[in-house]
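J.: These are the residues of each chain, in order.
There are 2 protein chains.
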Amino acid sequence: MNAQSCFWIGLAGALAALAFAFRQRRKVLRFSEGTPQMAQIAAAIRKGANAYLRRQYRTVARIFAVVFALLLLLAAFGRLDSWFIPFAFVTGGCWSALSGFVGMRIATAANVRTANAAHESLNQGLKVAFASGAVMGFTVVGLGLLDISIWFHVLRYGAGLDAQTIAHTMVMFGMGASFMALFARVGGGIFTKAADVGADLVGKVEAGIPEDDPRNPATIADNVGDNVGDVAGMGADLYESYVGSILAAFALGASAYSGEDLAWNAMLLPLAIAVVGVLCSIAGSFLIRTKENTGQRALLGTLRRGTYSAALLSAILAAPLTYFILGLEHIGVYLAILAGLAAGCAIGYFTERYTSASYAPTRNLADATETGAGTTVIGGLSLGMKSTAAPVLIVGAAIILSFLAAGGTLSTDAADYALRFDRGLYGIGVAAVGMLSTLGITLATDAYGPVADNAGGIAEMSGLGEEVRDRTDALDSLGNTTAATGKGFAIGSAALTALALLVSYVDVVKVRVPGTLDLSLTNPAVLVGLFIGAMLTFLFAAMTMSGVQTAAQAIVQEVRRQFREITGIMDGSAQPDYAACVDLCTKGALHEMVLPSLLAVTVPVLTGIFLGVEAVVGLLCGVTVTGFLMAVFMSNAGGAWDNAKKYIEGGSHGGKGSECHKAAVIGDTVGDPFKDTSGPSLNILIKLMSTVSIVFSGLVITLSPFFLG
Amino acid sequence: MNAQSCFWIGLAGALAALAFAFRQRRKVLRFSEGTPQMAQIAAAIRKGANAYLRRQYRTVARIFAVVFALLLLLAAFGRLDSWFIPFAFVTGGCWSALSGFVGMRIATAANVRTANAAHESLNQGLKVAFASGAVMGFTVVGLGLLDISIWFHVLRYGAGLDAQTIAHTMVMFGMGASFMALFARVGGGIFTKAADVGADLVGKVEAGIPEDDPRNPATIADNVGDNVGDVAGMGADLYESYVGSILAAFALGASAYSGEDLAWNAMLLPLAIAVVGVLCSIAGSFLIRTKENTGQRALLGTLRRGTYSAALLSAILAAPLTYFILGLEHIGVYLAILAGLAAGCAIGYFTERYTSASYAPTRNLADATETGAGTTVIGGLSLGMKSTAAPVLIVGAAIILSFLAAGGTLSTDAADYALRFDRGLYGIGVAAVGMLSTLGITLATDAYGPVADNAGGIAEMSGLGEEVRDRTDALDSLGNTTAATGKGFAIGSAALTALALLVSYVDVVKVRVPGTLDLSLTNPAVLVGLFIGAMLTFLFAAMTMSGVQTAAQAIVQEVRRQFREITGIMDGSAQPDYAACVDLCTKGALHEMVLPSLLAVTVPVLTGIFLGVEAVVGLLCGVTVTGFLMAVFMSNAGGAWDNAKKYIEGGSHGGKGSECHKAAVIGDTVGDPFKDTSGPSLNILIKLMSTVSIVFSGLVITLSPFFLG
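Protein sequence lines correspond, in order, to chains A and B.
Take 1 as the starting number for the first sequence in this note's numbering and just add one per residue.
Take 1 as the starting number for the second sequence in this note's numbering and just add one per residue.
Treat the hints as calculated values from the structure; they're not laboratory data.
A few of these clues could be false.
Identical chains share a label here; the pair holds if one copy fits it or two copies do between them.
[Said to hold, decoys possible] No more than 20 Å apart at the CA atoms, straight line, and that leaves these computed lysine to any residue pairs for SDA-like: (1) Lys127 to Leu300; (2) Lys646 to Glu466; (3) Lys510 to Pro705; (4) Lys662 to Glu370; (5) Lys510 to Ser520; (6) Lys204 to Lys656; (7) Lys646 to Glu370; (8) Lys47 to Gln575; (9) Lys27 to Phe286; (10) Lys646 to Asn480; (11) Lys47 to Pro214; (12) Lys662 to Val205.
Computed from a prediction, not measured in an experiment: that's the story for all the values here.
For reference, chain A alone in the conformation it holds in the complex (with noise of 0.2 Å):
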């Protein structure tokens, strides 16, 4: 075993991955775009994410540009561990906006396609649907393992780096990937949701008109949204937790083992995890097959079949490998991988007792409904508070077991302690590699929710008729629970690899900084750093909402305007310029999207300068532990008011146009930009700052004594 192997393997990986996504692709694109009318709008859709998105590049390019300047400074002035890191950032932006460019474009592709051949059957749509999700889960996993392995080469071969500095230096990479999810998420998120409230507004509340009736004038933008925000932007992110885990695992193998031989096989480790993830991912895709008419309930369970068996393969291939690889003496670590994997399911599964409304909380919050918008309000956030326990304990419970599992102790006076506690961490990184290994599948099946969604909105919107949209609609729903479980392994891994950055954090300014640190929570700067880190996700999170009603205000004063200069719109007469209200989500949501994101950029840096790095440390925490909670708060929360109104939209509580519903409908507004804008976004702020701090930590060092004495 050496560093060979790691390129190998790695590279191994990524091209099984990409293949199989390849396949899948032209899997999706032999399945026929309908009718004319049915392709037209779908083109409309296509021409309007790509317009969206290559908008959204140019400004994150200035952005990115100004970044790099700034580090090839840094770099000159010896404040920065290696020259590499500039253009690593470059590297992982780009192939983070790759991996979102690459799943709107198929789901632009499948989205006409899932329509006509929902047509057909419920089958034949779902066929189309998860191979489109397939491409996009597939096409993140490849694409991650190969900027990696290339990088790896380029260091280790190009460069003849040692282990220590390659996994220290790599560890630093997630930054670009990281900041540009961020990016992707935001602005994604608000575009869609601006799109999706403007449109709803107005014409479902002011016109009277149904959701994507083509003459809503923002219908169009709604659906476009769909693909920027849920599709592009969660490609993005899920690059990034990727990537972000496996790097953050080298790093704390590298310490963890450092001075051995050991240390090249604590980073084959986690790469080999994540390959062996791949290819139990796709022997888990071809599990998805259906028999034609089966019922919904059946479909949930092809889906779960899939996804479960691919986790058990890799749970199961993780043991030999364990062995094989670290020895019979480091078996414990295998014990970690299982952790993080079974945390990522135990997630799952309480997210969706959460939000869907099969169990009691959401059927209680419908029940809310009967007495207004106001206690419907109050139940769902009461709703998502709740729903931050499980999680938070079955973390902590994670956390603990990899920790102690992988040799670590929390009895600080033993004698080994210092190596015990490295190689504890060294599980704890490992926990969030296991978690996140099938992702492939995972992601498949998260991303053809928003595919079916816009299905529904194509079928809709070309009158393709009642059964289709119900077929769309079954999807949509079935998509809803499945990203639960996606979301599950999102948001426990997010705050699995914050933790070990944090640690990564923690040893580069050791090196750096004379004297001891006291990162004890006694400490008033750490306190302070913790204070700030909290407030933060707390600002965050406001900046991004009322960042979707900016937007949103805009979009309504563009669709009363053209319901009211375009004569003809509402009998069919004339068209609605659907482009102008495109062109305003994309104004909007750019605008919208850079102070939330600066914002992550900057405080670590000057909270390093004003307080001192203990404070940064206090501030990473801050930022981890109630960014996770807000997360989970929002996105269960948002979850379960959309679920809450589905359900009575069912026929409950006086079903549709009643007053339960119009509550149900309010609590939805409030819920879309929760969970589909804030929650999702913190979870890459969380880790952003961490490798922000790294990054610049050399900088921070260099100026915090001016102020600091």
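Use these hints to put chain B onto chain A, whose structure you have.
T.: Leaving out everything else, chain B in the frame of chain A:
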């Protein structure tokens, strides 16, 4: 300067405060209750409030008895630092309850007198209402100082303990007060909001009768709620804050100046600051006199003149006091006091900026009602989250400044780091006392709001006419503004006191635990504790919110039943059964308050036993930081929704009955449990968990080795 001064100065301050409170009470009672009908309504409210508090105290007494027995048991097994703790637990609880009870008694006497006096003029109304607020403010302060002085005397002259032992024993005395305060805040908060929401949902929305209409069966319960929640709950709460801050400063002072003659002086200083604060508050109260027929602006100016003069006078007198007690060498402590006072005022200012309709944020929230309830709710949530930024930065600055000013250093390599560290922490403790020193008068301006609110209810029910109602509304809205300042002090001091208690906890366990404590943030146990603490805040907020929901649902059913079964309510020929609603609220509140309160007590103990004392430190930090943020967020969002609604009722955006108004009412319904139940309870939660951890540390340290090995 010696121990005797502590006793005599504390006692003198206590007696001065109580004498002034008594004088104000006589002043209130000299006013007339008005017509027999008014007296009858007031009697019904008083009876309901009395009945609730009696039952609340009975319920709490049972829980206190259990904890008392447990504490005795621990003392018998030598797991408690002192035999005095169980008894101090009981006295703390009793006196906190007494503070609330006295406040409720005077408020239920003053409400009807305020209504009657407002019949005469706005100024007469203010006079009665403010005097009743002063009764409560000075009673709270007086009882707090009396409790401290008496126990000090017992420990010093009865038991003959030294300064360190006294200080470290007395810091545990806060537990009883905190425990009682939490029950009072949560129980009272659930009562008041359940009655309010229940009355509104059926009365205003379904039956279409105005607020406080005597035909509404829940209207007396609603008015009882103001007294048991906003008055009695607040009294118990601030008693706890006041006593807690002084006791925490005692403990830090004794640690920082241990082994020196200065120890007594370090304990005397916080007490002396508090006593000077009492005197300055009394002086400030005399400034609150207005000429007849001044406008609302002038009234606000008068109230502010009183509070700011008291604060300024305290700030000035603290300088010679510090010099006299600690000497020139430690004069930096004076800056810490100033930092505390200034931070309290600054938080109050920003609270007002975010919640008053005179400023942009609340105006913008009113604008958001134009696009419906959904955007109103999102707007309020994001306003509340944004409003956390300023208080966090202010508290952060106060922590760092008071720490550095009192001698602390952030440079871990300083030679006398440990000593300077303790000195700095004492600065933080003293800053909290400084912030609360003028509590007598700030609480007076805070507590008169609910009295005015109640007066409005009585005016409405007894048909005193539009003009009187307008005047009581003016007083009420003035109260909202001054209450913002009061909240700033309460919440800011909670954060500082919690830090002081945290340090006391670490001091206590360091002595007991063999080996070293690893309190750094990279320790997984600390991190998991941090996660659990933050989660507990969310869970607690959710439970108290849904407690309101559950209790309100019962009221809704009951009011509907009465409208249905008691014929003649609507035409006024039959009286509704007010007592039934009061009874239901009582039962509901008592039932819902127990679980969240017990959570606060059991979780720190369980965390300690299963994860060790390091995890408890993480837990306390998690609950302090997240609790502070959530408290600010919830209070400010609630306040802004309330004031946006009032602003619209004042004629903007279509005024009362418009679509905007309906949206604003929904926002306010969400805000009610935010600002009056969950938000203010969090203040107490964070301190209760700290004192519980300290008191039970002996038990935890005995049991945890069984689980941690």
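J.: Indicate, hint by hint, whether the structure satisfies it.
T.: Hint check results:
{"no.": "1", "hint": "Lys127 to Leu300", "result": "within (13 Å within a copy, 69 Å between copies)"}
{"no.": "2", "hint": "Lys646 to Glu466", "result": "within (16 Å within a copy, 46 Å between copies)"}
{"no.": "3", "hint": "Lys510 to Pro705", "result": "within (15 Å within a copy, 32 Å between copies)"}
{"no.": "4", "hint": "Lys662 to Glu370", "result": "both (10 Å within a copy, 17 Å between copies)"}
{"no.": "5", "hint": "Lys510 to Ser520", "result": "both (15 Å within a copy, 14 Å between copies)"}
{"no.": "6", "hint": "Lys204 to Lys656", "result": "within (12 Å within a copy, 25 Å between copies)"}
{"no.": "7", "hint": "Lys646 to Glu370", "result": "within (15 Å within a copy, 26 Å between copies)"}
{"no.": "8", "hint": "Lys47 to Gln575", "result": "within (17 Å within a copy, 68 Å between copies)"}
{"no.": "9", "hint": "Lys27 to Phe286", "result": "within (13 Å within a copy, 84 Å between copies)"}
{"no.": "10", "hint": "Lys646 to Asn480", "result": "within (11 Å within a copy, 40 Å between copies)"}
{"no.": "11", "hint": "Lys47 to Pro214", "result": "within (17 Å within a copy, 62 Å between copies)"}
{"no.": "12", "hint": "Lys662 to Val205", "result": "both (10 Å within a copy, 15 Å between copies)"}
In the structure shown, no violation is registered for any of the earlier numbered hints.
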